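> Take a look at the letters that make up each chain.
2 protein chains.
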Amino acid sequence: MSGEFNLIEKYFVGRQKQRKDVLLAAGDDCALVKAPEGLSVAISTDTLVAGTHFLADANPAWVAHKALASNISDLAAMGATPAWVSFALTMPSPDEAWLAPFCDAFFELADYFDIQLIGGDTTKGPLSLTLTVQGLVDPDKALRRDGAKVGDWVYVTGNLGDSKAGLDVILNPELRTKPCAEELEKRHYLSTPRVLAGQALLNLASSAIDISDGVISDIKHILKRSNVGVSIDVATLPVSNELLQFVETPAAAQQYALSSGEEYELCFTVPEQNKGSIDSALAHCGAKVTCIGQIRPQGTFELHCSGQAIDWSLSGYDHFK
Amino acid sequence: MSGEFNLIEKYFVGRQKQRKDVLLAAGDDCALVKAPEGLSVAISTDTLVAGTHFLADANPAWVAHKALASNISDLAAMGATPAWVSFALTMPSPDEAWLAPFCDAFFELADYFDIQLIGGDTTKGPLSLTLTVQGLVDPDKALRRDGAKVGDWVYVTGNLGDSKAGLDVILNPELRTKPCAEELEKRHYLSTPRVLAGQALLNLASSAIDISDGVISDIKHILKRSNVGVSIDVATLPVSNELLQFVETPAAAQQYALSSGEEYELCFTVPEQNKGSIDSALAHCGAKVTCIGQIRPQGTFELHCSGQAIDWSLSGYDHFK
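Listed in order, the protein sequences are those of chains Y and G.
Okay, so the first sequence: first residue is 1 according to the UniProt record's numbering, each after it adds one.
Okay, so the second sequence: first residue is 1 according to the UniProt record's numbering, each after it adds one.
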C-alpha cells in the first residue's frame, strides 16, 4: 500500500488476519497472492464518487459498507468466494474523524466475508473510492449472464424497492416524517451481498446478475447476453412491509421494486429441472427467494400483473443527481 | 466493464486480442482469469488525480501513458510479467475529444506489454484514474524489498533526474526557453517501465523497488524492510545529456537525480557473487544499469561524491502542488 498521507499504517495496515493465500500484502511494490489450483479469479472494480454515489456528509461507516458491499455483490453474482480487495482512496485532506469510523466499518465487513485488504493507494483530491475485489470460483461453474434458456424461471433474492425509497428520503428531507423513512434510508446504504446464495446457486442457476441499476435494467443484460426474452409478473415482486407503509399502495411498491437500483440482491434464472431444489439449496443462506417470471423467446419483454396487462412508464435509477 | 456513460463499448471493448488466461472479460459482473500453475499474481493499484498527478489540460495520450506505465512499473519492480489491468475512470462528462487519444495511447502501451484490459468502471465526477494491474511471477523468485544484505551493490536502471526537470518545465512556463526543455517535459510523462530488466533480475537481485518518490526516498523503503543501511556515491548517478544541458552543472544534475520522482526506473541490490553477471543479463533489455553504491549496516545513510563528504539539503518530490 503506497500513498501520500501518513495515515496508512495507522488506519489500514495490520487490521486483519493474513489469509494463507496472501504471500505478501502491504509494504512492497505489489501484493502477491496465489489462487488454489483449478480455481479461477473473479475480478470486479467499482468507483463511488462523493456527490454521485453518496452525499459528502453521509455517515462514513455507511459509505464504507456501501462501497465494499456493492463490490462484493459482483462476486456473489458470479458465485465466487471473496478473497482479496485493493482500495484506492482519494480525499481532499487526511481527515481522521472521517477515516476512523470508515475503516472500522470497512474492516468489520471485510472480516465478515474473509476478504483481505492487500493494497491500494491514498491520494489528494475530491473524495472518491475505487475498490477492486477478487474472488475464487470454479470457472466451469461460475454464474454468468449468458446461460439463460427459454423456459427457465426468473428469481430474485430478498426484497426489492427499499433502496430507491431510501434514496428518496436522503434526497428529500421532507419525506423523513413518512412511516419507516429511517429504516429505508439505512437500507439504501447497508445492503447484504448475497455471497452464500451465489455459491449455493453454482450448480442450479443458468445465469445470474446483481441488481445495481434496477431489476428491469439488469435483467436486460441477461436477455442480451443470452439472446432470450422475458415475462415478469409484477404482482409477485417481493417488497418489504416497510416499503408498503412508506408508499401506501401495492402498485406504488411494485413500481419501486421494478426500478430500484443499488439493491445488491441477485436476479437469476433456473431451469425447470432445478426448480424443486431452489428452496432447500438456499434455506441456509438467510435470503428468501421469489420466482417473478419466466424466460421467453428473444424479442419478448412482457410485464403483467397476475395476467392483466399494465402500462407503466418506469423511471430509471440514476444515482444521486 | 460497467459504467454510467455509453462510451464504454465505443472506446474500451474489443480493442485488444484476448489473452488465453482471460476466460471472461467485459460484459459480466466480474472478469474471470486463471493464473498458470505455480505462479502467483502480483497486484498493484495507483490513482492519478487531475491537478495532483497531472494537469487537467495535459495531453490525454501522455496522461494515459503515464497512468499505465507507472502501474506496470510496480510489476517490473517485482520481476512480474504484466497480464491484466482494471481501469476506473472518473470524469465530469463524457468527453470524446479527450477519450479518443487517451484510449489510443492506453491500448498502444497495453498491447506492447501484452496486458489486457479486463474490466473497470466509468463514473461522473472530477477527473481521476485508478488502475489495478496484475502480473504473474514465481513467488519464490519475486523481487521484494526485504532481501538486501550488507555488502550488496546498489544499482539503478536508465538515467535519473529527467522527470523532475520535466515537471519544473510543466509548472514554470518561463523554463521552456532552456535547452532540452521540451524533451524533458515529454520524458516526465513518457517513461518506460523496466519490465524486461525486472524479469532478467529474478535470479540475480536481492531486492528491488521502482523509483516513484525519488531514489533517496525509495531506497529507504529497501533499507527499512531489509534492516540495512547504504552508502551512495552521487558522482556515479546516471544523468542524461539533456538534463546536463538544462541544469548546466553536474552538481545540479546530481541533486535532480537524487530527488527526482516518477522516474519509473528500477533501483535494486545485487550480491557480490552476481555482480559479474549483471551487464550480460541486462544486455538485451535496452536499459543501461549503473552501480551507485553499496549496502551498509543498519543505521548508516551516507551520501558522498567520489569519497568527498557532501551536505545537501534535498527537497522531496511532491507531485504537482
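Hint data in this document are derived by calculation from the structure and do not stem from the laboratory.
Do not take every clue at face value.
To be verified - Listed below are the simulated DSS-like cross-link pairs for lysine-lysine, each with C-alpha atoms no more than 30 Å apart in a straight line: (1) G:Lys20 <-> Y:Lys224; (2) Y:Lys220 <-> G:Lys20; (3) Y:Lys220 <-> G:Lys34; (4) Y:Lys124 <-> G:Lys186; (5) G:Lys220 <-> Y:Lys124; (6) Y:Lys224 <-> G:Lys124; (7) G:Lys224 <-> Y:Lys34; (8) Y:Lys149 <-> G:Lys34; (9) G:Lys34 <-> Y:Lys141; (10) G:Lys186 <-> Y:Lys149; (11) Y:Lys10 <-> G:Lys34; (12) G:Lys186 <-> Y:Lys20; (13) G:Lys288 <-> Y:Lys10; (14) G:Lys10 <-> Y:Lys17; (15) G:Lys149 <-> Y:Lys20; (16) G:Lys288 <-> Y:Lys20; (17) Y:Lys34 <-> G:Lys124; (18) G:Lys124 <-> Y:Lys20; (19) Y:Lys149 <-> G:Lys20; (20) Y:Lys224 <-> G:Lys34; (21) G:Lys224 <-> G:Lys124; (22) G:Lys20 <-> Y:Lys141; (23) G:Lys10 <-> Y:Lys34; (24) G:Lys20 <-> Y:Lys17; (25) G:Lys220 <-> Y:Lys10.
Claimed, not checked - Chain Y is faced by these chain G residues, among others (derived, beta-carbon under 8 Å): (26) Arg15; (27) Arg19; (28) Asn227.
Bear in mind that the values here come from a model prediction, so they are computed numbers and not experimental data.
By construction, the Cβ of each residue, glycine as well, lies at the ideal position given by its N, Cα and C atoms.
> Find the hints from earlier in the document that the structure breaks and name them by number, from lowest to highest.
10, 11, 12, 13, 14, 16, 17, 18, 21, 23, 24, 26, 27, 28
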